[in-house]
Amino acid sequence: MTYAQSVINGDRLALARLLTQVENNAPDGRTALIELFPYTGKAHLIGVTGAPGTGKSSLVNQLALHYRKAEDKRIAIVAVDPSSPFTGGAVLGDRVRMRDLTGDANVFIRSMASRGSLGGLAQSTANMAQVFDAAGFDIIIIETVGAGQSEVDVARLAHTTLVVEAPGLGDDIQAIKAGILEIADILVVNKADRPGVENTEKALKSMLDLAHPTERVFQHHGSTMRVAAPAQPASSAPMWIPPILRTVSTEGKGIVELAEAIARHVVHLRQSGDWAVRERARLEVELDALVRESLMNRFKESVPQEMVEDVLEKVVQRNISPWEAVKILMKEK
Amino acid sequence: MTEKKIRVLVAKPGLDGHDRGAKVVARALRDAGMEVIYTGLRQTPEMIAEAALQEDVDVVGLSVLSGAHMALAPRIMELLKMNGQTKVKVFIGGIIPDEDLHRLKEMGVTGVYGPGASTEDIIRDVRSAMAG
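Just so you know, the sequences run in chain order A and B. Take 1 as the starting number for the first sequence in the working numbering and just add one per residue. Take 1001 as the starting number for the second sequence in the working numbering and just add one per residue.
No lab work stands behind these hints: they were computed from the structure. Just so it is clear, the structure is predicted and the values come from calculations on it, not from any experiment. We treat Cβ as the ideally placed atom computed from N, Cα and C, and that holds for glycine. Treat the hints with caution; some may be incorrect.
[Said to hold, decoys possible] Pairwise CB distance ranges, derived in the manner of DEER restraints:
1) A:309 <-> B:1095: 52 to 58 Å
2) A:168 <-> B:1129: 42 to 48 Å
3) A:305 <-> B:1081: 41 to 47 Å
4) B:1101 <-> A:41: 51 to 57 Å
5) A:2 <-> B:1082: 19 to 25 Å
[As the list claims (entries may be wrong)] For lysine to aspartate or glutamate, the following DMTMM-like pairs were computed, each having C-alpha atoms within a straight-line distance of at most 25 Å:
6) B:1087 <-> A:28
7) A:253 <-> A:293
8) A:73 <-> B:1120
9) A:253 <-> A:71
10) B:1081 <-> A:11
11) B:1004 <-> A:301
12) B:1005 <-> B:1120
13) A:69 <-> A:35
14) B:1005 <-> A:28
15) B:1005 <-> A:153
16) A:69 <-> B:1120
17) A:205 <-> A:193
18) B:1087 <-> B:1106
19) B:1004 <-> B:1106
20) B:1105 <-> B:1056
21) B:1081 <-> B:1120
22) B:1089 <-> A:11
23) B:1087 <-> A:11
24) B:1004 <-> A:11
25) B:1005 <-> A:293
26) A:42 <-> A:324
27) A:69 <-> A:104
28) B:1004 <-> A:260
29) B:1089 <-> B:1120
30) B:1089 <-> A:286
31) B:1105 <-> B:1078
32) B:1005 <-> A:324
33) A:314 <-> A:324
34) B:1081 <-> A:104
35) A:73 <-> B:1078
36) A:69 <-> A:100
37) A:69 <-> A:153
38) A:253 <-> A:72
39) B:1004 <-> A:104
40) B:1005 <-> B:1125
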């Protein structure tokens, strides 16, 4: 029996081993992915990202518990932690916060090191999510450290992206910095029992108001004037404005509300057609990455390494520019 | 990309709360380029075997300072086998009396380390167990 068949039949050891093959981009993994692809496309992918220490793992733990108890869904969790850029090693500690989930055969947690490869993280995470999808998991939660482009890319894989903040991590300037907040479908202020929660919430809200104005407020010589914001471009579907939710994941507070917001987002995605748009965008990115990899392999096969070294040496000696070097290597001359 | 990383589960079975040793070893293995999954304190043998399965690890490192190693280690080895993880190497660190050392090795434990063991020795032994 192939890996793929065993995985579909619910063999957990085969699933774990296949995930390793896929993560290592091994030939066996690729073969299985091809076989599994027709079974994918059913699961709901939830991305969870945010700065270190905001309580992402504890939140994922609570959310998964909720889905198990209230909705009896099968849950897979991919928890990504950083690899050392110097040694390539990693300590993956997300399971420490997820001990409530052990012993439940319908929860599968897999830790993953980022391995620091250029763009490769998003690819291998996507492939692992596909394996879980084919294995029949209803909800796949992908947890990443929100620090950098590759993590943003990972969050983009998801149908619903949660960005987790916590009080006391930075002022309102942090909130208007570009990047991570813009990808949020739902903003979570975790550790909401801590002082400063109002400020964090306010900063997030003002950032959202700039992105999704409902009215414009003018201050003129001390008097305030309000006018309705110009109508948003007419579209058949209502726009999704990310809600801001408070949670205390160590106590499980706010988790039901969070699950409800996620459910509303799914309804929105289905009704607006965004689900299909996101699926398409994701598959496009995946195809793009595979084409790139394949072209790179073809290049490596057709151009001998000595030639590359040779040309590189000329560039180092400033005899030719890198742009000319590319032309020579691509035989465009 | 296709290079195989050594994946290690570092776990503390049983009821003692002293995790310094486990964390030092986890860090040393990380610095040796391995991927270490740390599970935290007070794990049951079932929890450890389940984590080892889900994470598809090559090595399980157990830290026991409570004296319960002769009860915990055989149970964990048995569960690993039941799950089909027959190739996983098990290492134990902690307060292990000499007379238990041989019995643990007979059971199939690959390495046993007491107080004063060096992290270099552990790294070397893990690597050679993987190579062999």
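I'd like to know which numbered hints this structure contradicts. Please list them from smallest to largest. 7, 8, 13, 16, 19, 21, 26, 28, 30, 32, 35, 37, 39
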